[in-house]
Amino acid sequence: MTTITEARAAAPDGTARKLSYVKAFNEGLAQAMREDENVFVAGEDVAGYGGVFRMFDNLLDEFGPRRMIDTPISEAALVGLGVGAAARGLRPVVDLMFMDFIGVCLDQIVNQAAKMKYMFGGALSVPLTITTASGAGLGAAAQHSQSLEAWLAHVPGLKVVMPSDAYTAKGLTVSAIRDDNPVVVMLNKVLLGSAGEVPEEIYGIPLGQAHTARQGSDVTVIALGRMVGEALAAADELAVQGVEIEVIDPRTVQPLDTETMFASVRRTNRALVVHEAVTFGGLGAEIAAQIQDAAFDHLDAPVLRIGAPFSPVPFSPVLEKAYVPDRARIAEGCRRLLERS
Amino acid sequence: MTDVAVEVLLPKIGLSMQEGMIDEWLVATGAVVAEGDALLRLATDKVDVDIEAEAGGIFHPVVPAGTTVPPGALIGWLLAEGEQPPDPRGTPMSAGPAAVEPVLVGAASAVPTPNGAASSPNGSAAPRGAGGRLLSSPNARRVAAAADVDLTAVRGTGPGGRIISEDVEEFLAAFPGGLVAPAPPGASASPLVRKLAKERGIDLSEVNGTGPGGWIRRADLEAVTPTPAPTPARRTADEPQAGDVLPLTGMRGTIARRMHASLQEMAQLTHGYEVRMDAVVSLRERLKEEWADGDLPVPSLNDFLLKAAALALRRHPLLNATVREDGIHLLGAIHLGFAVAVPGGLLVPVIEDAEALPLPEIARRSRALAEAAREGRISPAQLEGATFTVTSLGGYGVDFFTPVINTGNVAILGVGRLKDGVEWVDDRPVRTRVLTLSLTFDHRAVDGAPAAEYLRTIGELLRKPLRLLV
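Quick mapping for you: the protein sequence lines, in order, are chains G and R.
Residue numbering for the first sequence follows this note's numbering, beginning at 1 and increasing consecutively.
Residue numbering for the second sequence follows this note's numbering, beginning at 1 and increasing consecutively.
Keep in mind that the hints were calculated from the coordinates and are not lab data.
Glycine is no exception: its CB is placed at the ideal position from the N, C-alpha and C atoms.
A short list of chain G residues far from chain R (calculated; beta carbon distances all over 12 angstroms):
#1 R17
#2 R34
#3 A87
#4 A142
#5 S311
In the SDA-like style, the derived pairs of lysine to any residue whose C-alpha atoms are separated by at most 25 angstroms in a straight line are:
#6 R:K288 - R:L466
#7 G:K18 - G:G50
#8 R:K12 - G:S341
#9 R:K288 - R:R417
#10 R:K12 - G:R340
Only some residues are given here: those of chain R computed to face chain G with a beta carbon under 10 angstroms:
#11 P138
#12 A140
#13 G156
#14 T157
#15 G158
#16 P159
#17 G160
#18 G161
#19 D167
So here's chain R without its partners, still in its complex pose (with noise of 0.2 angstroms):
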């Protein structure tokens, strides 16, 4: 338990996060939540992650599930017992011993009450207390209605917390499209529970919401249906059906803007190029064996292409690079994504100087980092920092493709099918397993003759795999 309020702001988890959508209050306004406690599911344009408490107390919340806020944004308060928050924008506790029920006012509709008590101008749902206000400098909020601004997402820098006008203008800097309206009048609930109630046709507005501010929760849709067999939202996302529109948000906003972006500003081009697996399959075979009863990993094919893909980058640095304004910069690092296909999208988790390990540990990361992607558990911040990439469709019976870099990098690997070859000695033709790597890289930092060293490399480290192992 805290001794003061401790404010729960909105976490900025990986490097490119601008914004973040509360999806789910995961404790109750009101319960006391400790350290380490899951506190809310927040979706980010790339995922879906749940957000601890950094603190124990009594929890409040200061903006609805479904608000989008940037990150450190002031979200939530931790409290004492019987503390009211600190900062007014908090919801205030009745008072008593009994103060865990907030007062909250400006319910379920953003219909006026007959003393002029209105919620907020645009309709927002945010709790307040009976005695608590949201402290906002006049001029704040005369720049926020201009903006068509909701100040309940806007975080206070001003004298006692209070929201100035500069809070407002560099909100709307950060978040140039203003605040997303939590939801319209009369329907206050994620877009999550929207999404629900249409799949199951439950009229919204019918809905009793048991969450702030009258705020329509998953389970107040149990109290309307008698679940007919819930059908998880993320299956019928998976499977569109002829006729949907998928909606360019989330993960699927994201890689239509990065892949755009990066065929827009790039000079993409690709190398095939074969090369000889036999070595590598033939060990793979012996690993089968010997480390049968072990407790390492056995390496799949990929992870024996993401080690050569790395070691090669040792020796071809400029792969490994980043073009900016100034120029082509080199990165000291070598930090491997590699693409997992997930429902609805792919994802690219991240393996950490991914040259200085050994084979097993590449297998085991790649193992574990494939795994949380696909159950949707993996955070953004594993999802950051890659300076070169690899891309498998080779279990897809693909051989030769052209893979899009990544913005940030100037390359990508494409890895294709194992297929067999064959190699003429003399006349005689001599069956081998090969398989093409698809290398695209950017023309503006490399040209073809230092790509295609790179791949020989691989090829030549592939030849030799036992210097992978380690």
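Isolated chain G (complex conformation) (with noise of 0.2 angstroms):
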């Protein structure tokens, strides 16, 4: 497998390619498909259609209506045959399209997905890749916009990641159909179209693993998903005014690396959590409980976390504007907790 260090050495300087997030995604899961040919998709409009967010794109010519496949409208069973399929030995990912829609399959990802192996003494694993479009700033209203990490990550037997961008969203896709274990991927909608550096080659993001993406000694911000970009635009504001802030990119919120955010949370005395999600039981409060348990002798401020009010995602696009956290916030957040009279 290769690592992310070698991956981006990969890329000589300036002859780096180009990648949308969503078309990093499709050639992450492409070539993921050619590695290893028990792997296979199904959802909803995903084989003719290519998916609603062309995150399946000319899959089907290159792979066939066996290995793409178009399911009814039917969340529960299609999980449930991914559940299935993996339990006897493929590696199937199945596409939820909105995250919102995670309602109506909950039992089988819960309750059958992620206590299968354990249930059964470890006698079979199941390497299911759920891949799902979460997060708010489409005006898609409250039911397609949400942010439901805290959901998944809370339930043992199941991985959470949350590509950043283009090369998260390729690495972390491709990590995730390797890993035995059923892994979400949760892709942000808003960053769809976003591009980034992306190697051709295929390659692996470790699970479990935080990204520093950059380094910084006056505040901690450990930015979930879209979040990180608004952290680094936030960095970027702060540094004109002499505030270095340090931004951490979890990449993986469930298993967490938490040693990262400690380690740098010890240098620099301050956090600061953010995320797209409704701040009260997000990631940010699991978050901060365990930088004040391992830190908190190096702590001179209560740890910050900025998320979404407890509120649905408003429909209307000011309202939606003001709920999604952005670099303003962030910047703002960061002062706060530097602030000295």
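Join the two chains, each given in its own frame, into one complex according to the hints.
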């Protein structure tokens, strides 16, 4: 398996290829399907239509209808199909389209996929990948905009990854498919068209390993998914004012690489966690709790959480913009942590 | 009375003040204070001075007497009736109308209480309220513990006034020695009280402290002894006995440090120069007669010399300078310091813009400043900013000496004894009045010839002293 560093070093300066987030996902999936013929895709409109977000474009042409399967509109049946196929030795990729639809198939995910290996004493495993599009910002309203990673990360037996850019969209997808356990890949809808450097060859990104996206000395900002880009933008803004923030992208929220966060916080003495999901009971609460537990004596300020207010995602574009955290709120939060009278 | 709590911060008096010790709180905890009331006696490296309240309110100390803190440190609160200190570091009052009794824990000794609620780790007697808490970040506490800093002396600048690690680091930078522990466990008292107790043979552990946190006040000592003719501490300190060890602290320490630094860093040498004083002496005699009933003070010989030195500096700006890394800075203003011997050392009050002042005004100021210095009433601000200094040992019968330049100046003028001299007029000796000036100058900035020219100018001014009057 190629490591991140190797993969990145493989792209010579100036000749790095840029690819959009959704195309990077598509390429990683295609390469994983070529790598292992047990990999197949099932979902609503994934084959003939190529997915509503164009995630599965052209895959039907290459892999044919046996490996690209359009299913009826029944998420419970679709995930159940995946759990069964995985238990029998295949490596299914099932697509949930909008993450919000997870409500109708939670039993399959939480009680079947996540529990099966444990309850059969390790006699079988469930190498299932669930792909889904999450996040607000497209005016898709309350039932098509949620970020529900906290629900899933709470369940032992599941892994949850949140690609923050094109590079991680490909690498984390490949690693999810290669993993022998159920992994939910939470793609971000707003990021789908965003481009980034992506190596052409297949590569995986280790699950449970956080990435320090920017180094800094003043505040540790732990950002999930799309918030990584917002945090990096806030970092640029703050750097002008002489504030250097460190941005950590966990990439995987379950398992969560807390050691990288602790080490950073012990240096900066201040931490901010930002995610799109509702603040209450979100991953920020978990991360903040773990930081105070492990690095209490190194904190100069309470760990600050930035997330969505306790409200459904509004349909009004104006309200939605106010609802989702952005670079300005992150920068303001950093300033608050550093505030001195 | 204030509407809201007002912070009492340790004032910075004078440019060079780096720390100050709260010698004594002059009002009791919970007492109602009016604006302008004397709140505390502050001991700096130069003087003891009473600090007035800048607002009215109910007084609550944050740090006990005897604590040494840097300027700007939060030392107390002035609160409105029934109000709690907004910063938990203050001493909250018990609720209710009789809210004048502070609730204190961790009193006279640093022995942990059975429930483990010991006083702070370093045994500080800082007042803690029942509901209050020192607001500090965990990291600040970690850094403070590592550097042995007492957080009660650190001013918090974080959110809500919380002490953050930066505050501790800045405190350490401003005060590298760390906080002077107010007292060893079991003897919580100011140095003054400890000294008094020692003189009177009182064991402080036997004394019942009534100050904040069981702090022993001077008054508590009186309760123990039936006051055996209270010998002022200052008195004994003035008259050192053989076998004493005089600590290099306070004024003594400052003198030691500055004089040593001066001789270390400058290239000092001294010119002796005799000046004729006949004209000054006779002018003084006339003034004594003419101004006897007026309200103009008759200038002393020293006042004439101050004025002459100042006027001469205007013509010789090289002597009114300061040497810095980038060069010799010639100073615009002429602020004359003059040395005054005081018990235990010497002080140098400053007359600002001396060359512009008429001589009676110089006389009035030098008298008032010298008196204040001798009586310990002088403020650090009145001791700051001299650009040139005049010092006299004439009164002690000294003719010539080698004064040491005050750091930051390039010269100091010593004034010797007024005595009879001789001038030969043809072959006939004539009696004159003379004195010797001892000018020490920094050869880095001033050469021998210009220094001599400066002395000559003074000599000329003293020969025609009417010019000095205005």
